[in-house]
Amino acid sequence: MFRGDDALGPWVIARLLADWTFPPAVALSDAGTPGLDLTPFLSGARHVILVDTVKAAGRPGDVRLYSKAEVRELPLSPRLSHHGPGVMETVALLDLAGEGPESLLLIGVVPGPVGHGARLSDEVRAAVPRAADLVVAELVRLGCPPRRRVPP
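Start counting the sequence shown at 1; every next residue gets the next number (the working numbering).
No wet-lab data here; the hints were simulated from the structure.
All C-beta atoms in this analysis are idealised placements derived from N, C-alpha and C, irrespective of residue type, glycine included.
Any given hint could turn out to be false.
[Stated by the list, open to error] Heads up, simulated SDA-like pairs for lysine to any residue below, C-alpha to C-alpha not over 20 Å straight-line:
(1) Lys68 - Asp95
(2) Lys68 - Met88
(3) Lys68 - Leu28
(4) Lys55 - Ala69
(5) Lys68 - Leu96
(6) Lys55 - Leu65
(7) Lys68 - Glu89
(8) Lys55 - Arg130
(9) Lys68 - Ala31
(10) Lys68 - Ala92
(11) Lys68 - Gly98
(12) Lys68 - Val54
(13) Lys55 - Lys68
(14) Lys68 - Ala27
(15) Lys68 - Thr39
(16) Lys68 - Pro101
(17) Lys68 - Arg141
(18) Lys68 - Leu50
(19) Lys68 - Glu138
(20) Lys68 - Phe41
(21) Lys68 - Glu99
(22) Lys68 - Ala137
(23) Lys55 - Glu123
(24) Lys55 - Pro10
(25) Lys55 - Arg125
(26) Lys55 - Glu70
(27) Lys68 - Cys144
(28) Lys68 - Gly143
(29) Lys68 - Ser43
(30) Lys68 - Ser103
(31) Lys55 - Ala31
(32) Lys55 - Ala126
(33) Lys68 - Pro40
[Claimed, not checked] Label pairs and their calculated CB-CB ranges:
(34) Val150 - Leu96: 43 to 53 Å
(35) Ala57 - Ala31: 17 to 27 Å
(36) Ala126 - Gly98: 34 to 44 Å
Please work from the sequences and hints to get the whole structure.
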């Protein structure tokens with residue numbers, strides 16, 4: 001079960017699928033909070049865009065962007081919960097194996113409540129369109145532009 005603002009990723013995917021169609025080279029996946037189990041999602045991928053809540057300074061709903069180099073520079077620490085490390089270790093491991101992505105963009109949103117049964121906070125819900133727009137902008141930059149869906 002999602003815990004409050006941890007449900008950000010599926011909300012962004014739903015927004016993207018509602019508004020856009022994607023070229024075959026683009027895959028949208030909800031990887032949940034898998035820690036090192038993120039490896040199969042990233043292994044061999046040329047470009048990766050991740051959307052997740054991030055522990056960062058700011059108010060709930062604030063958006064932060066992290067490049068692959070910035071993710072690699074974050075300090076490694078023990079994974080004590082599903083909020084703990086996972087992305088940094090996975091990227092480091094895949095790079096060591098020669099299977100890491102050429103580029104990675106982490107679109108992070110500062111969360112509010114993450115308690116059991118809590119719903120997505122209004123602040124993070126308001127950040128969903130911005131996060132989705134950032135995904136689209138990155139896909140355009142990478143040469144894989146989606147097409148806007150025509151309303152029925």
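Consistency of the hints with the structure:
1. Our distance criterion of 20 Å between C-alpha atoms is met by Lys68 and Asp95, whose separation comes to about 11 Å.
2. Our distance criterion of 20 Å between C-alpha atoms is met by Lys68 and Met88, whose separation comes to about 9 Å.
3. Our distance criterion of 20 Å between C-alpha atoms is met by Lys68 and Leu28, whose separation comes to about 19 Å.
4. With a C-alpha separation of about 18 Å, the suggested pair Lys55 and Ala69 falls inside the 20 Å cut-off, and the hint holds.
5. Distance check on the hinted pair: Lys68 and Leu96 sit about 14 Å apart at the alpha-carbon level, within 20 Å; holds.
6. Between Lys55 and Leu65 the alpha-carbon distance is near 12 Å, which keeps this suggested pair within the 20 Å criterion.
7. Proximity of Lys68 to Glu89 is assessed by CA-CA distance (about 12 Å); at most 20 Å being required, the pair is judged to hold.
8. At roughly 18 Å between alpha-carbon atoms, Lys55 and Arg130 fall within 20 Å of each other, so this suggested pair holds.
9. Under the criterion of a C-alpha separation no larger than 20 Å, the hint pairing Lys68 with Ala31 is consistent with the structure, at around 18 Å.
10. Distance hint between Lys68 and Ala92 is fulfilled; the C-alpha atoms sit about 10 Å from each other, no more than 20 Å.
11. Proposed proximity of Lys68 and Gly98 is supported: the alpha carbons are some 15 Å apart, at most 20 Å.
12. At roughly 15 Å between alpha-carbon atoms, Lys68 and Val54 fall within 20 Å of each other, so this suggested pair holds.
13. Our distance criterion of 20 Å between C-alpha atoms is met by Lys55 and Lys68, whose separation comes to about 17 Å.
14. For the given pair, Lys68 sits about 19 Å from Ala27 by alpha-carbon distance, which is consistent with the 20 Å threshold.
15. Straight-line distance between C-alpha atoms of Lys68 and Thr39 comes to about 15 Å, which keeps the hinted pair within the 20 Å bound.
16. Distance hint between Lys68 and Pro101 is fulfilled; the C-alpha atoms sit about 9 Å from each other, no more than 20 Å.
17. Of the pairs offered as hints, the one joining Lys68 and Arg141 holds, with about 16 Å between alpha carbons and a cut-off of 20 Å not exceeded.
18. Of the pairs offered as hints, the one joining Lys68 and Leu50 holds, with about 11 Å between alpha carbons and a cut-off of 20 Å not exceeded.
19. Between Lys68 and Glu138, the direct Cα distance comes to roughly 13 Å. Compliance with the 20 Å bound is thereby established for this hinted pair.
20. In summary, the hint linking Lys68 to Phe41 is supported, as the alpha carbons are separated by about 16 Å, within the 20 Å threshold.
21. Proposed proximity of Lys68 and Glu99 is supported: the alpha carbons are some 14 Å apart, at most 20 Å.
22. Proposed proximity of Lys68 and Ala137 is supported: the alpha carbons are some 17 Å apart, at most 20 Å.
23. Pair hint Lys55 plus Glu123 holds up; C-alpha atoms about 15 Å apart against a cutoff of 20 Å.
24. Proposed proximity of Lys55 and Pro10 is supported: the alpha carbons are some 18 Å apart, at most 20 Å.
25. Among the hinted pairs, Lys55 with Arg125 is consistent with the structure: their alpha-carbon atoms are about 17 Å apart, no more than 20 Å.
26. The suggested pairing of Lys55 with Glu70 holds, with an alpha-carbon distance near 14 Å, which does not exceed 20 Å.
27. Restraint check for Lys68 and Cys144: the C-alpha separation of about 19 Å stays at or below 20 Å, so the hint holds.
28. The suggested pairing of Lys68 with Gly143 holds, with an alpha-carbon distance near 18 Å, which does not exceed 20 Å.
29. The straight-line distance between the Cα atoms of Lys68 and Ser43 is roughly 14 Å, inside the 20 Å bound, and the hint therefore holds.
30. Restraint check: the Cα-Cα separation between Lys68 and Ser103 comes to about 6 Å, which is no more than 20 Å; the hinted pair holds.
31. Distance check on the hinted pair: Lys55 and Ala31 sit about 18 Å apart at the alpha-carbon level, within 20 Å; holds.
32. A C-alpha spacing of about 18 Å is found between Lys55 and Ala126, which places the hinted pair at or below 20 Å, so the restraint holds.
33. The hinted pair formed by Lys68 and Pro40 meets the criterion: a straight-line CA distance of about 17 Å does not exceed 20 Å.
34. Roughly 45 Å separates the CB atoms of Val150 and Leu96, a value that falls within the hinted 43 to 53 Å.
35. Our hint of 17 to 27 Å for Ala57 and Ala31 holds, since their Cβ atoms are close to 25 Å apart.
36. The hinted window of 34 to 44 Å between Ala126 and Gly98 holds, with their beta carbons roughly 40 Å apart.
The structure agrees with every numbered hint stated previously.
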